[in-house]
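Chains as they are written, first to last, in our numbering: chain A, 2 to 461; chain B, 2 to 461.
Among these hints, one or two may not hold up.
If chains are identical, the list can't say which one is meant, so a pair holds when it fits in one copy or spans any two.
[Stated by the list, open to error] Listed next, the in silico DSS-like pairs over lysine-lysine satisfying Cα-Cα at most 27 Å (straight line): (1) K327 with K181; (2) K34 with K252; (3) K252 with K10; (4) K415 with K19; (5) K34 with K225; (6) K366 with K181; (7) K34 with K49; (8) K181 with K202.
Keep in mind the hints are simulated off the structure, nothing from the lab.
2 protein chains.
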Amino acid sequence: MYHLDPNLKIPLHIQLYKAIKREIISQHRVGDKLPSIRKTATLYHLSKTTVEAAYAQLYAEGYIESRARSGYYVSELYFDAFEPEETSGATPAKITEPVRYDFFPAQLHTEDFPLKTWKRLCTRETNASLDFGAYPDGQGEEILREEIARYLSHSRGVRCHADQVIVTHGFIDGMELIAKLGRERYQRFGHELPGYHIAHKIFGAYGYRTTPIEVGRHGLRLEKLRHSKAQVVYITPSHQYPTGVTMPITKRLKLLAHIQSIDGLIIEDDYDSELAYYNRPIPSLQGLDTTGEHVAYVGTFAKALSPAIRVGYLVLPEWMMAIYRKSYDAHFARVSLITQRTLAAFMHEGHWDRHIRRTRILNQKKHQAMREALIRHLGDTFRIVTEGAGLAILIQPRASEFDWQRLKQVADEKRIAIYLAKERSGGEFEAARMGFGGFRLEEIDTAVAAFAECWMKIKD
Amino acid sequence: MYHLDPNLKIPLHIQLYKAIKREIISQHRVGDKLPSIRKTATLYHLSKTTVEAAYAQLYAEGYIESRARSGYYVSELYFDAFEPEETSGATPAKITEPVRYDFFPAQLHTEDFPLKTWKRLCTRETNASLDFGAYPDGQGEEILREEIARYLSHSRGVRCHADQVIVTHGFIDGMELIAKLGRERYQRFGHELPGYHIAHKIFGAYGYRTTPIEVGRHGLRLEKLRHSKAQVVYITPSHQYPTGVTMPITKRLKLLAHIQSIDGLIIEDDYDSELAYYNRPIPSLQGLDTTGEHVAYVGTFAKALSPAIRVGYLVLPEWMMAIYRKSYDAHFARVSLITQRTLAAFMHEGHWDRHIRRTRILNQKKHQAMREALIRHLGDTFRIVTEGAGLAILIQPRASEFDWQRLKQVADEKRIAIYLAKERSGGEFEAARMGFGGFRLEEIDTAVAAFAECWMKIKD
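Bound-form chain A, shown alone:
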């Protein structure tokens, strides 16, 4: 008996057809006679038309054959009987109205990408000296790792050799690798709250017990960390996500001492350190770890160069590299050879340094424009919570009551995409993240004016 349900959304003749098809495939009794259309209709309380439609479909697809004046029989199932249903491969086009203003905080403007240089280098690097027939170095091309190590050493105070660098395709990729490599030593993972929402999911999936650890005015609360017994702790010390706090040096040293004392691991996510507008970028915490054993450093090219090239990197302690070298991950590169070679050339010839300087100046201007536009259009209804770095200014209303969800709704109706801190950070901290990187400098004022219309509606 097939189970057919008239309450399902799937039409009965399709249900019947699928049920019979499944039976034919699983039982595979060539030559069996199917019950007549009338009989099946009676048995399942279906109309004759319904059963006819089901049989016709089975016939069309070659599952059954019809014999004159006799009825339907199960076909012998050659491969041809299993030709796929008509699929064009194409998806129906989605019709959605485009967003007018997008305040996404992790975005750059495509015009700020050094397209000409990149293209030139890419063309030059795509040549017969590359081996397209072999698996490239799983860790990443050595010349790229050397450039990354040199850059991090000079600009970020990271202590590293090219041997400790692994080229990844982004944050998740790198974090998953750390989670895998750390499994033998560690079971307990701590993460900032509020904090970037993905980190603990990644470690949770690899079986770690994860605990949120409160972020205070100076970053992670150390007493909470100690109390949590976390062995691995994920932090964004240079520019805390999302609060923007920079962890002071004394606290960094204390944190490091604690992690050293328990033989634990700090994962330092230095995601947008290139973009500091008020002071020089804070040197990395990794560089403070003179033991070289207790910090895994995570970085990316997404925030200052392009999120579309999909390149990030890790700097791992030597003991972790030793595990890595024995793992299957060591054999397979995570980024296309051409992309790696292009980026290596880009760095080697000084374009990267120039690009960072240019990007910093450009985004400093955008930052300033955003600041001024907010003051102009929101007046005294708001306060700035975080500024001076990255690709967004975070704001909160001065009013004590504020319906954030309605703000989001109203903005949505006006096709303005806004982003709230809590959505991706958890905890109690809430703010609107006013991203400026994706706009042209001259667009910012208009965008904020449109946003202000929504904001002013809510604060009343």
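Following the hints, position chain B against chain A.
Frame of chain A; chain B shown alone:
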């Protein structure tokens, strides 16, 4: 007290220096006086020179300062004190003698890569219409997914829409994604033995209970599979790795029926299906699953185009896609935008179809050359276990006793890289995997002649 160990490979003065440095950083007591050199030497049974060397290093790095006629004191630790040690970023060059002949079975010859076409398309696709400021579609560019769906549908009998395709950067990436998405439903994973050695490690790392399932003359033994209670089973049905068995249609249908009946999942790894030389490629098992719910299909461009571009793909059942769309993975592309666009254009304009035909013919010739060279140089000392597909012919000795490890050693001494089945497959099946894809056609005979010298030594 510091723990110093004269039996370690690290010199004692470095051990002492590191221990003091760690103490200074963790305790951070500015102005504390260090014990005199003589005192420390006595305390730890060290020579004065050893202690002097340690102190000198600490001094040079700014951790301690010297006061005239008084001794050494802990410095106040500004950032500057933590400038990284001199690291050039460069790695000392490795001096290894190059391999003369490499029989790696998953290799193509770089000259067989369509470099000119690829370069032309890459240059054309790298243009201002791409958004370099934004995160690309996490699932992969739609135009590439459509091309992959169309190709799989026509050439491999896979039932799919672009909506079900996820662009990955390779096998591990795709398998990890399946492991993550399947976690809520499944706990027990079965894999072929012998079989590709990485699959079960990936699922094991995500907490699945993994069980090897014996491969017989017609592929996976179904009674063993049933007995294992595995819910997810990883197989290579078109060209079993490493035995080369093709699973017959009736067995495929039975396997499918079993998995459907337990609401389980087959992971079909169709890694080198393009390369069949004796018959037409076997249509995919995925295409037999008329329910569309019980097969996850894994494919790659590494075997027929290039392992250096790092592109693979998944075709997942709709229920799995629903989980995927809610996951963090859905937001982040795994392959660079330019690589994706170049590959999409390559496929759309017919180059991929032409390339497959060309590659198949070319490797068919190499396959034939390998076959003839083996017969010529090994005479009646061997038998072919697997041939007719992929990038290697598998051979075994006719002699009942054979020291495989010595073969490997002897080959190594002659700088010939050979690959044995068991190393990457487990189980009892052993064979030499004579890869031909990485050679030029005319090199094969010479390579096999060199290999034969080693082989003949062992079989005596």
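Fill in: Hint check, failures only
3, 4, 5 and 6
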